[in-house]
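So the chains spell out like this:
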Amino acid sequence: MEIKHTAVAGTMESSDALVTIENGDGIQLSITSPVIHQFGNRIRAVVLETLENLDVRNAAVTVVDRGALDCTLKARVEGAVFRAADCSEHGIPWGGGVK
Amino acid sequence: MINAVGRDIPEEVLKATGREVFQGAFYYDNKEYTKAAPTVRANIDPKRSKLVSSIREALEKCGAHDGMTVSFHHHFREGDYVVNMVMEEIHNMGLKDICICASSLGKAHDPIVPYIEDGTITKIMSSGVRGKIGEAISAGKLRDIAVMYSHGGRVRNIEEGRVHIDIAFIGAPTADECGNLRPSGGKSNCGVLSYAYVDAQYADKVVAVTDCLVPFPNIPASISMVNVDYVCKVDAIGNPDKIATGAAKPTTDQRKLLMAQYCTDFVAATPYFKDGFIYQTGVGGASIASTIYLADIMRERNIHMGLGLGGIATPMVRLLEEGLIGKLVDTQDFDLGAVESAEQNPNHIEITGSEYANPMNKGAYVNQLDFVILAALEVDTHFNCNVITDSTGMITGAQGGHPDTATGAKCTIVITPLLQGRSPAVCTDVTTVTTPGETVDVVVTEYGIAVNPSRPDLMEAAKRCGVPLYTIEQLRDMAYAIVGKPDPVQFADRVVGIVESRDGTIIDVVRQIKEFDFSN
Amino acid sequence: MNHPNKKRLRRSMMFLNCQKPALIKDPYIYKPDSIMLDLEDAVAENQKDAARFSLFHALREIDYHGVERVVRINGLDTPHWREDVRVCVAGGADVIRIPKCTCANDVHVVEGAVLKAEEEFGREKGSTLLMAALESCYGVLNCLEICKSSDRLIGVALSGGDYTKDLQTHITGTGVELNGARQMMIIAARAAGVQCFDTVFTNLDDMEGFRRETEMIHSMGFDGKSIINPRQIPVVHQVFTPTQKDIIFAEKVVREIDTKKAQGIGVFTVDGKMIDIAFYDGAKRTLMLAKAAGVYGGDLI
Numbered sequence: 001m002e003i004k005h006t007a008v009a010g011t012m013e014s015s016d017a018l019v020t021i022e023n024g025d026g027i028q029l030s031i032t033s034p035v036i037h038q039f040g041n042r043i044r045a046v047v048l049e050t051l052e053n054l055d056v057r058n059a060a061v062t063v064v065d066r067g068a069l070d071c072t073l074k075a076r077v078e079g080a081v082f083r084a085a086d087c088s089e090h091g092i093p094w095g096g097g098v099k
Numbered sequence: 001m002i003n004a005v006g007r008d009i010p011e012e013v014l015k016a017t018g019r020e021v022f023q024g025a026f027y028y029d030n031k032e033y034t035k036a037a038p039t040v041r042a043n044i045d046p047k048r049s050k051l052v053s054s055i056r057e058a059l060e061k062c063g064a065h066d067g068m069t070v071s072f073h074h075h076f077r078e079g080d081y082v083v084n085m086v087m088e089e090i091h092n093m094g095l096k097d098i099c100i101c102a103s104s105l106g107k108a109h110d111p112i113v114p115y116i117e118d119g120t121i122t123k124i125m126s127s128g129v130r131g132k133i134g135e136a137i138s139a140g141k142l143r144d145i146a147v148m149y150s151h152g153g154r155v156r157n158i159e160e161g162r163v164h165i166d167i168a169f170i171g172a173p174t175a176d177e178c179g180n181l182r183p184s185g186g187k188s189n190c191g192v193l194s195y196a197y198v199d200a201q202y203a204d205k206v207v208a209v210t211d212c213l214v215p216f217p218n219i220p221a222s223i224s225m226v227n228v229d230y231v232c233k234v235d236a237i238g239n240p241d242k243i244a245t246g247a248a249k250p251t252t253d254q255r256k257l258l259m260a261q262y263c264t265d266f267v268a269a270t271p272y273f274k275d276g277f278i279y280q281t282g283v284g285g286a287s288i289a290s291t292i293y294l295a296d297i298m299r300e301r302n303i304h305m306g307l308g309l310g311g312i313a314t315p316m317v318r319l320l321e322e323g324l325i326g327k328l329v330d331t332q333d334f335d336l337g338a339v340e341s342a343e344q345n346p347n348h349i350e351i352t353g354s355e356y357a358n359p360m361n362k363g364a365y366v367n368q369l370d371f372v373i374l375a376a377l378e379v380d381t382h383f384n385c386n387v388i389t390d391s392t393g394m395i396t397g398a399q400g401g402h403p404d405t406a407t408g409a410k411c412t413i414v415i416t417p418l419l420q421g422r423s424p425a426v427c428t429d430v431t432t433v434t435t436p437g438e439t440v441d442v443v444v445t446e447y448g449i450a451v452n453p454s455r456p457d458l459m460e461a462a463k464r465c466g467v468p469l470y471t472i473e474q475l476r477d478m479a480y481a482i483v484g485k486p487d488p489v490q491f492a493d494r495v496v497g498i499v500e501s502r503d504g505t506i507i508d509v510v511r512q513i514k515e516f517d518f519s520n
Numbered sequence: 001m002n003h004p005n006k007k008r009l010r011r012s013m014m015f016l017n018c019q020k021p022a023l024i025k026d027p028y029i030y031k032p033d034s035i036m037l038d039l040e041d042a043v044a045e046n047q048k049d050a051a052r053f054s055l056f057h058a059l060r061e062i063d064y065h066g067v068e069r070v071v072r073i074n075g076l077d078t079p080h081w082r083e084d085v086r087v088c089v090a091g092g093a094d095v096i097r098i099p100k101c102t103c104a105n106d107v108h109v110v111e112g113a114v115l116k117a118e119e120e121f122g123r124e125k126g127s128t129l130l131m132a133a134l135e136s137c138y139g140v141l142n143c144l145e146i147c148k149s150s151d152r153l154i155g156v157a158l159s160g161g162d163y164t165k166d167l168q169t170h171i172t173g174t175g176v177e178l179n180g181a182r183q184m185m186i187i188a189a190r191a192a193g194v195q196c197f198d199t200v201f202t203n204l205d206d207m208e209g210f211r212r213e214t215e216m217i218h219s220m221g222f223d224g225k226s227i228i229n230p231r232q233i234p235v236v237h238q239v240f241t242p243t244q245k246d247i248i249f250a251e252k253v254v255r256e257i258d259t260k261k262a263q264g265i266g267v268f269t270v271d272g273k274m275i276d277i278a279f280y281d282g283a284k285r286t287l288m289l290a291k292a293a294g295v296y297g298g299d300l301i
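Protein chains in written order, with our numbering: chain Z, 1 to 99; chain F, 1 to 520; chain B, 1 to 301.
Careful, some of the hints might be misleading.
So, partial list: chain F residues that the calculated Cβ filter (under 8 Å) puts toward chain B [as the list claims (entries may be wrong)]:
1) Leu258
2) Glu446
3) Tyr447
4) Ile482
Below are the DSSO-like pairs computed for lysine-lysine, each with C-alpha atoms no more than 27 Å apart in a straight line [claimed, not checked]:
5) Lys123(F) <-> Lys15(F)
6) Lys20(B) <-> Lys249(F)
7) Lys116(B) <-> Lys99(Z)
8) Lys485(F) <-> Lys31(B)
9) Lys20(B) <-> Lys485(F)
10) Lys327(F) <-> Lys410(F)
11) Lys132(F) <-> Lys514(F)
12) Lys249(F) <-> Lys31(B)
13) Lys99(Z) <-> Lys233(F)
14) Lys107(F) <-> Lys242(F)
15) Lys31(B) <-> Lys463(F)
16) Lys47(F) <-> Lys233(F)
17) Lys25(B) <-> Lys6(B)
18) Lys252(B) <-> Lys273(B)
19) Lys31(B) <-> Lys245(B)
20) Lys99(Z) <-> Lys125(B)
21) Lys273(B) <-> Lys245(B)
22) Lys20(B) <-> Lys99(Z)
23) Lys485(F) <-> Lys25(B)
24) Lys96(F) <-> Lys61(F)
25) Lys99(Z) <-> Lys25(B)
26) Lys245(B) <-> Lys284(B)
27) Lys187(F) <-> Lys233(F)
28) Lys31(B) <-> Lys7(B)
29) Lys291(B) <-> Lys261(B)
30) Lys514(F) <-> Lys485(F)
31) Lys291(B) <-> Lys463(F)
32) Lys100(B) <-> Lys6(B)
Read the hints as simulated data drawn from the structure, not as lab findings.
Note that the structure is predicted; figures quoted are calculated from it, not measured.
For every residue, glycine included, the Cβ atom is placed at its ideal position computed from N, Cα and C.
Hey, can you work out the whole structure from these sequences and the hints?
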């Protein structure tokens, strides 16, 4: 998927994550989290895997995590990617790219 | 060297602190020792006045010097002004290498962090270091290794002479010119002066700081004039609204109420729940809710609590007034209702820190507890608890009476939500051990309870009470199934603090925090 | 078509905002019978897309320990509902709640989209159940045809807030403004053999009022009530669960009727009450309800 413009999904509420996606060269990922020690590696793995499933190869991704579970992280990354590609409202590949 | 809870205490730390490793909660039981004593001065001349006009004058008259140890109590909680006032004067005098021996330090004391950074303060001994002081210690800004002790452990430190207090500063809501101190009768009442008692007995010099000078004799006194050198009147020793807060409204959070229900159902099924039982609880929402539910059962079954112990808040006071509790013995008041009751109710009695929890006297109140309900940041599959470091390794909490009550009580219950945000409160190994698993009997979460396998008697009660019963490993697995398996917190090598067990041995160390490194 | 869960226990249905991750993590600890993940009113217009991703992963990855997952999609008058149906079916939602239902055709339209999605995502045809929320006068008047509109339809629920606006009045707390709707809906639902659920009670501080309202709709015959906060669950379950006394009486009735039937006796007394064959189904239903609620371990059903 191509990132056409900057997009954001999620909030700063407890257990959520605020994910911002912009144009980038390759994948650049920046993560902050109150549980960075305990789950930093896992958060990174989940974000990268989600981007891969959506075939996003070039993006600058910022994750402001507030203790989100994997399912929420995936949802926020997907939300931001589809919004950045202007196709978040219909025809989502549920069970395909979104798994 | 590996200690009895499996934590490795570096040799340099043992040498630098002159301590042994933790070898079990009852390692020093029956140990014989001689107590330390202060160096004091006779006051025979009745014409001498103890009044000083300022903190500075008090410091000078006490011979304040580089490298001295000063002490404070925390009965003014987040409303305290005394620590900051005194440290500012010490700083202005250009003194250095000061050791603070406090019963606890909190966010109210954030202003002394610059004095840590510039070397005025080089050593801190305290039950808790919440707020910016904890951050500064975790960041490695304190020159010497911090010592974190329990309430009982502080008393022991002082009585056995491991800590020698040069000047004790005792904030007193009322004082007379001779130094009789009371925790009430003034404008910043705190109910009790329990933690200051040992300071008054063992410090070389004792300075009372009050904002309410009253006519002699200010008796019955919590701290007697025979132990006080100087009395200093200031405008305000603290903020009354933060010392005696309004009583917290009972929680309506269903999660906490679920935990409270499980806790109460279990307590009521144990053989210790009978007329005259002795009980202590904390002030968290779930702990208080549990006490309120327990009171319903007490009324139903006509069972009275013989004695309530500890830090006291209004709900316990109401039960005392109702006649459901025989007496309260009090070491700290958490709200206005507790302060007033301490002043007025003859069955609400102030006790000293030593009477409360000192493991090395001839038997403290904690040894008589049937139940204690405690909170924790983390508890692991060995039932060890962590009450001081958070999920980033930062020092944020306080031992308080946690290990003291856990060791003394016949039934120690730790009540905690299964998850704190994404952090699992029930885990394989806690980040920092503050309370050894051998003293913890039951863990209560909103998912169900787990009983320490070393207590088959309590396991029977747990099976009877109808609460979902799991092994501690199962609770941990439930937590990990939701949030994932956590990696351990990454620390730098430098040890910035020791966690002292009740008996002075080292149960764990805290290292300097560091930024997280992603594994590659 | 066989829908094994169509008549499951639904005493409590707890509303949850899909966009609030903190709330959807582990609501099963409060033991509601169903949870209702909301894509409609709780989600802002410009967050409908994001909410769907949250929903999909919640349905697929969070273990709700047997609690039924209902999803409220957006209304048929919005551009969102079709994608909502796709994500519900793909995610494996148990029931789709259709808001603002006015006639049987509304249900048919949604059913068509659901069938298509079941094909698209390889879900067993007919495995997604439906329920209809009635929020208007027309909806209430058409209740019988709505109840009979589809094999998948488990029942109807009253949305009191919007309905009273349509009536041009408001929620008074006395229930008088909801009487008409409640009566029509329970009568129609029973005639059609489906379930019937009452509207939410929004004043969390008035637990006494909540209990009274719950007892009233229980007496009217409702199957359950919508919930907005976990603290309402124990009250609903208490009201809707047969007491031990009820269970013992129901057991007696069932046993006596079975025995007396064999002896050719049609009318008799149990505990001083006059009983005939007409009481049989009700007594059996009491025991089934008790069993589903986990308070009956006997073998009469």
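The hints, checked one at a time:
Interface hint at Leu258(F): satisfied, since its Cβ lies 7 Å from the closest Cβ of chain B, which is below the 8 Å cut-off. For the restraint placing Glu446(F) at the interface with chain B, the shortest Cβ-Cβ distance is roughly 5 Å, inside the 8 Å limit, so the hint holds. Taking 8 Å as the C-beta contact cut-off toward chain B, the hint placing Tyr447(F) at the interface holds, the least distance being around 6 Å. A hinted interface residue such as Ile482(F) counts as satisfied when its beta carbon comes closer than 8 Å to some beta carbon of chain B; here the least separation is about 6 Å, so the hint holds.
With a CA separation close to 16 Å, the supplied pair Lys123(F) and Lys15(F) stays within the 27 Å bound. Between the alpha carbons of Lys20(B) and Lys249(F) the distance comes to roughly 26 Å, so the proposed pair stays at or under 27 Å and holds. Under the criterion of a C-alpha separation no larger than 27 Å, the hint pairing Lys116(B) with Lys99(Z) is consistent with the structure, at around 20 Å. In summary, the hint linking Lys485(F) to Lys31(B) is supported, as the alpha carbons are separated by about 26 Å, within the 27 Å threshold.
Restraint check for Lys20(B) and Lys485(F): the C-alpha separation of about 23 Å stays at or below 27 Å, so the hint holds. Distance check on the hinted pair: Lys327(F) and Lys410(F) sit about 19 Å apart at the alpha-carbon level, within 27 Å; holds. Distance check on the hinted pair: Lys132(F) and Lys514(F) sit about 16 Å apart at the alpha-carbon level, within 27 Å; holds. Simply put, Lys249(F) and Lys31(B) have alpha-carbon atoms about 26 Å apart, close enough for the 27 Å limit, and the pair holds.
Among the hinted pairs, Lys99(Z) with Lys233(F) is inconsistent with the structure: their alpha-carbon atoms are about 70 Å apart, more than 27 Å. About 12 Å separates the Cα atoms of Lys107(F) and Lys242(F), which keeps this hinted pair within 27 Å; it holds. About 21 Å separates the Cα atoms of Lys31(B) and Lys463(F), which keeps this hinted pair within 27 Å; it holds. Distance restraint check for Lys47(F) and Lys233(F): the Cα-Cα separation of roughly 19 Å lies within the 27 Å cut-off, and the hinted pair is therefore satisfied.
For the hint linking Lys25(B) to Lys6(B), the alpha-carbon distance of about 26 Å falls within 27 Å, and the restraint holds. Distance hint between Lys252(B) and Lys273(B) is fulfilled; the C-alpha atoms sit about 12 Å from each other, no more than 27 Å. Taken as a hint, the Lys31(B) and Lys245(B) pair is honoured in the structure, with Cα atoms around 24 Å apart against an allowance of 27 Å. Annotation: proposed proximity of Lys99(Z) to Lys125(B) holds, straight-line Cα distance about 21 Å (limit 27 Å).
With a C-alpha separation of about 14 Å, the suggested pair Lys273(B) and Lys245(B) falls inside the 27 Å cut-off, and the hint holds. A hinted pair counts as satisfied when its Cα atoms are at most 27 Å apart, and Lys20(B) with Lys99(Z) qualifies at roughly 20 Å. Pair hint Lys485(F) plus Lys25(B) holds up; C-alpha atoms about 16 Å apart against a cutoff of 27 Å. The suggested pairing of Lys96(F) with Lys61(F) holds, with an alpha-carbon distance near 18 Å, which does not exceed 27 Å.
Under the criterion of a C-alpha separation no larger than 27 Å, the hint pairing Lys99(Z) with Lys25(B) is consistent with the structure, at around 18 Å. Between Lys245(B) and Lys284(B) the alpha-carbon distance is near 15 Å, which keeps this suggested pair within the 27 Å criterion. Among the hinted pairs, Lys187(F) with Lys233(F) is consistent with the structure: their alpha-carbon atoms are about 13 Å apart, no more than 27 Å. The suggested pairing of Lys31(B) with Lys7(B) holds, with an alpha-carbon distance near 18 Å, which does not exceed 27 Å.
As the CA atoms of Lys291(B) and Lys261(B) are separated by approximately 25 Å, the hinted pair is consistent with the 27 Å bound. At roughly 21 Å between alpha-carbon atoms, Lys514(F) and Lys485(F) fall within 27 Å of each other, so this suggested pair holds. Proposed proximity of Lys291(B) and Lys463(F) is supported: the alpha carbons are some 23 Å apart, at most 27 Å. Taking the CA atoms of Lys100(B) and Lys6(B), the gap is about 21 Å. The hint holds against a cut of 27 Å.
Going down the numbered hints, you'll see the structure goes against just number 13.
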